[in-house]
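Protein chains in written order, with numbering that gives the first Met the number 0: chain A, 0 to 581; chain B, 0 to 581.
Hints were generated in silico from the structure; no laboratory data involved.
Every value quoted in this text rests on a predicted model; they were computed, and no experiment measured them.
Misleading hints may appear alongside valid ones.
If several chains are the same, the list does not tell them apart, and a pair holds so long as it fits within one copy or across any two.
To be verified - Straight-line C-alpha distance at most 25 Å; calculated DSS-like pairs for lysine-lysine:
no.: 1; residue 1: Lys513; residue 2: Lys579
no.: 2; residue 1: Lys550; residue 2: Lys511
no.: 3; residue 1: Lys296; residue 2: Lys63
no.: 4; residue 1: Lys63; residue 2: Lys221
no.: 5; residue 1: Lys482; residue 2: Lys513
no.: 6; residue 1: Lys132; residue 2: Lys291
no.: 7; residue 1: Lys579; residue 2: Lys460
no.: 8; residue 1: Lys505; residue 2: Lys460
There are 2 protein chains.
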Amino acid sequence: MTYLDKVNSPADVKKLSMAELEALAEEIRAAILNRDSKIGGHVGPNLGIVEATIALHYVFDSPKDKFVFDVSHQCYPHKILTGRKDGFLTDEGMKKISGYTCPSESEHDNFVVGHTSTSVSLASGLAKARDVKGESHNVIALIGDGSLSGGEAYEGLNNAAVLGSNIIVIVNDNEMSIAENHGGIYNNLRLLRQTRGQAECNMFKALGFEYDYLEDGNSIEKLIELFKKHKDANHPVLLHIHTLKGKGYEFAVENKERWHWNLPFDIKSGELTVDISGENYNDITYNYLKNKIAQDKTVVVVNAGTPGAFGLTPDRRAVLGSHFVDVGIAEEQAVAMSSALAKGGCKPVYLVYSSFAQRTYDQLSQDLALNNNSAVIIVGAGGISAADATHLGCFDMAMMSNIPNIVYLAPTTKEEYLAMLDWAVGQNEHPVIVRIPSAVEKADFAVEKDFSQINRYQTVKQGEKVAVLALGSFYGLGKKVEKLLQQKGIEPTLINPRFVSGIDEKCLESLKDKHQLVVTLEDGVLDGGFGEKIARYYGVSQMKVLCFGSKKEFTDRVPLKELYERYHLTPELIVEDIMKAL
Amino acid sequence: MTYLDKVNSPADVKKLSMAELEALAEEIRAAILNRDSKIGGHVGPNLGIVEATIALHYVFDSPKDKFVFDVSHQCYPHKILTGRKDGFLTDEGMKKISGYTCPSESEHDNFVVGHTSTSVSLASGLAKARDVKGESHNVIALIGDGSLSGGEAYEGLNNAAVLGSNIIVIVNDNEMSIAENHGGIYNNLRLLRQTRGQAECNMFKALGFEYDYLEDGNSIEKLIELFKKHKDANHPVLLHIHTLKGKGYEFAVENKERWHWNLPFDIKSGELTVDISGENYNDITYNYLKNKIAQDKTVVVVNAGTPGAFGLTPDRRAVLGSHFVDVGIAEEQAVAMSSALAKGGCKPVYLVYSSFAQRTYDQLSQDLALNNNSAVIIVGAGGISAADATHLGCFDMAMMSNIPNIVYLAPTTKEEYLAMLDWAVGQNEHPVIVRIPSAVEKADFAVEKDFSQINRYQTVKQGEKVAVLALGSFYGLGKKVEKLLQQKGIEPTLINPRFVSGIDEKCLESLKDKHQLVVTLEDGVLDGGFGEKIARYYGVSQMKVLCFGSKKEFTDRVPLKELYERYHLTPELIVEDIMKAL
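Same shape as in the complex, but just chain A:
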């Protein structure tokens, strides 16, 4: 670490010679691999952007000049050069520094970012603020080619292009999204690469940007030259740089999709150092869909640029063939298209992570629910989690279950997940969301196959005094609460509500007879969620209601154990609260 030792801020980068910068790049690569191999993280995007980041800090003057990193999958070199190298070198540092840009870490970060396609919009706001205030710095957005498929990126480009003042958009074209790219714009990027930026038919010029192309986007020298040329431009500029994703680490170059993000691994062999064996919902879901397509040729699996998140490897995608559509990172398109696929007589199944579903509230409401088309949406990674603040899975139920016409199902176990999914795909009446449970558990009750009686809860065990409504992933927690209550001499009723999106009035009414307290357990935020519907229902009755779920807050890499304690989501704390309430 001859050079990295000396670099504590961007000012230190500017002191180095070209040869020293080249050496620094290799040290940064080693630091990135060190972190990724130990705690996991984004590999390929960061390795490919090392030279460009060095050149940015060499030419521009952050924090006066403002950098905005799209999705910030590629912010590691920037963090290393802005006083946070410990986050890549030491175990203690790794805990402190997040994998995304984060203004509370450094004045060199302008936004917390973890969803794609936002950088140009955010940069356009910084640029407008600068102009309004009569300031004169550069505003630079760095966006990957994969993020260009998102509508917000386009809205940003469309506006940045007519800003009339300085904004520099750098398109980091590594010819990859998380997986391969999908969409017409990638034909244009290819044409531009093939013509070294000379093709007349140029999407960015069409929008009004001054455009410049750099083939060797991993050459620090050429990048510095390019950035110097456009620094302080008084108009919108788009710099298209061609880089190599994963550069410097053979495995990541050879298998770009697998190495976009990775769990901890051995640097030498590339093998994972954590055990991921065992049954999982990616395999379960894929096998179900594959078999279903074999029986029903109208089934179409839809995904928005994150096939790997659902275990849909290139091999599996090839098996699904024309029954798999990746729309690129374009969640709005995914929902609208799914609605129309259903309208057209197909059985669309859209796979989306909880936090990315946030992109689609309006499409869920207007394009899908209002039209009441029978598209199916599978929500993955839902639930309270130790994730970083940008990828929390606790908000989807509150967001989606309050939209009319949507039937939101929360299965408790593998068996029930498959039953619900199969029912959802088979019916033609409702848009249905199915949330993947957190653990692959066996059902200890008779799982039903037909969910066409909307909002009918399943009473798993009839008891008295206390009724526990244990929703979806928290069914197991409900079982534990049941056991603890039994130890206290209470034989509670245990209910599997199944439906996040509505209440079973008959069931709730019947509980009034022999119960004093209804307890709701949901793996998500309480505000706007399931439990509050129950609390409202019992508002004027004698029934007491106690709701358990997460607080309305953004948490950032807080261990699950700590969150469960904070929210009283351990069986012991729940029972303690129950005993107090009785």
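Once you've looked at the hints, dock chain B against the given chain A.
Okay, now just chain B, sitting in the frame of chain A:
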């Protein structure tokens, strides 16, 4: 009505000669003006698309061939030609037929649509469904130039372009959005018009479409020729037609913005036939912002393509000058840009209608709330309403108030609205949403100026037994309930909660002393809303809670009186329920 009399379905259109089609066009125009002048509606978009719609039905075979109308502001001629002319000719018919496409009205409509920029995405789903099922019809999306600024439109184009099979996107370029267009793409459209489609730098070709241009987009003959040429194309085609917005009605041609949509008017004079005088929140908001900008040069007003909805006429926009940014119909950009404006030291105030805010859940959460930037959002047209199903204002509170960090304020009166707005603009701590109240009423209590104690409710009158929490627009309803209760010998406590997004534990706790029942009144859907938070809070206490608001459902042009009765939102019905609950 020589020809319109004979046209009851698209088949009848195909029988007419060119001269007859021309005459039919004029009869359709008269029918459109008849409806618009009597009940209000979209004027310019429909008048401009008459010829293209005739040509579409002449060449294609709906419903086998599928038309998808973007935002469906321009669907009147289509409705007239597909068996729904009564909706434009008779008073009774006008009540039955909505102003938007509606599958329950006709098999010629594929989707209920009222938000922009969705047509290409929806059409791509229909096209994929056709391919999966081995069918062979045409799928046609008709999208206006104004809608092309929206991210979902881009996501749709990006995907449609690589569909590999038939999809025909018609860009109806009338050189106008609702107001003037904003964004780089409009430079490209201008270039294409100027070169009659010959310019090499072509956004649509860049994406991969076969492209064709028609200068005379109001010539039935040329449109028929164009559509025949591309009918049954086996690949994605984009037809750029240049039309005249408002064609055939002088006022609408001369003032395109004012005549995009209009209230009932006198056809001859163009004058409104309804009285819109009196104080209104558009004037109030504009005057506040204008004066604020005079004092504070960092204030920036942001809007996404709907300035007229907030009374921001061209004159007023000119006054605001560089302190007004119209991002085009691009709500995601508006929120992200506002967040960044705040980050950059400005005071952004984004004006958005309740139903269009739905486009921005993720931007509100990730770009704004997670970053906790102090942007201000003014929500207009919020509340339970008699609007069509696509423009309901009852969902925004449930959608936005459950996002962490967002402070959602619901003022009760003009005075409080201005106080809250001024506080929001002056502070640097929170993203703040202010919902415009429904009526311009005077406050009958001392309005506070400082709202920095987040979630502190204001007790307007201390009483006992019953506490009425009358939120925002429903404060007046709360007053009426108070009066009726007094007649029954109850002196209730009246509370102005002010904060939609959180609970005042101290206030709620204090009510336990002398109250049996807390009543919540909110002008929005109950599911996920304000009342449920109160119900959860009192879940294990003796306090009864009764929540009033709307049911979770899409309603379509249901009179407000009927909705209020349905939801028990009249003072009498509320008091009846209260008396039952006590």
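Going down the list of hints, with the structure as the test:
1. Lys513 <-> Lys579: both (19 Å within a copy, 23 Å between copies)
2. Lys550 <-> Lys511: between (28 Å within a copy, 24 Å between copies)
3. Lys296 <-> Lys63: Intra 57 Å, inter 21 Å, cutoff 25 Å: inter-copy only.
4. Lys63 <-> Lys221: Result: close within a single copy only, 23 Å intra versus 56 Å inter.
5. Lys482 <-> Lys513: The answer is within: 19 Å in one copy meets 25 Å, while 39 Å across copies does not.
6. Lys132 <-> Lys291: between (59 Å within a copy, 16 Å between copies)
7. Lys579 <-> Lys460: The answer is within: 23 Å in one copy meets 25 Å, while 33 Å across copies does not.
8. Lys505 <-> Lys460: within (16 Å within a copy, 38 Å between copies)
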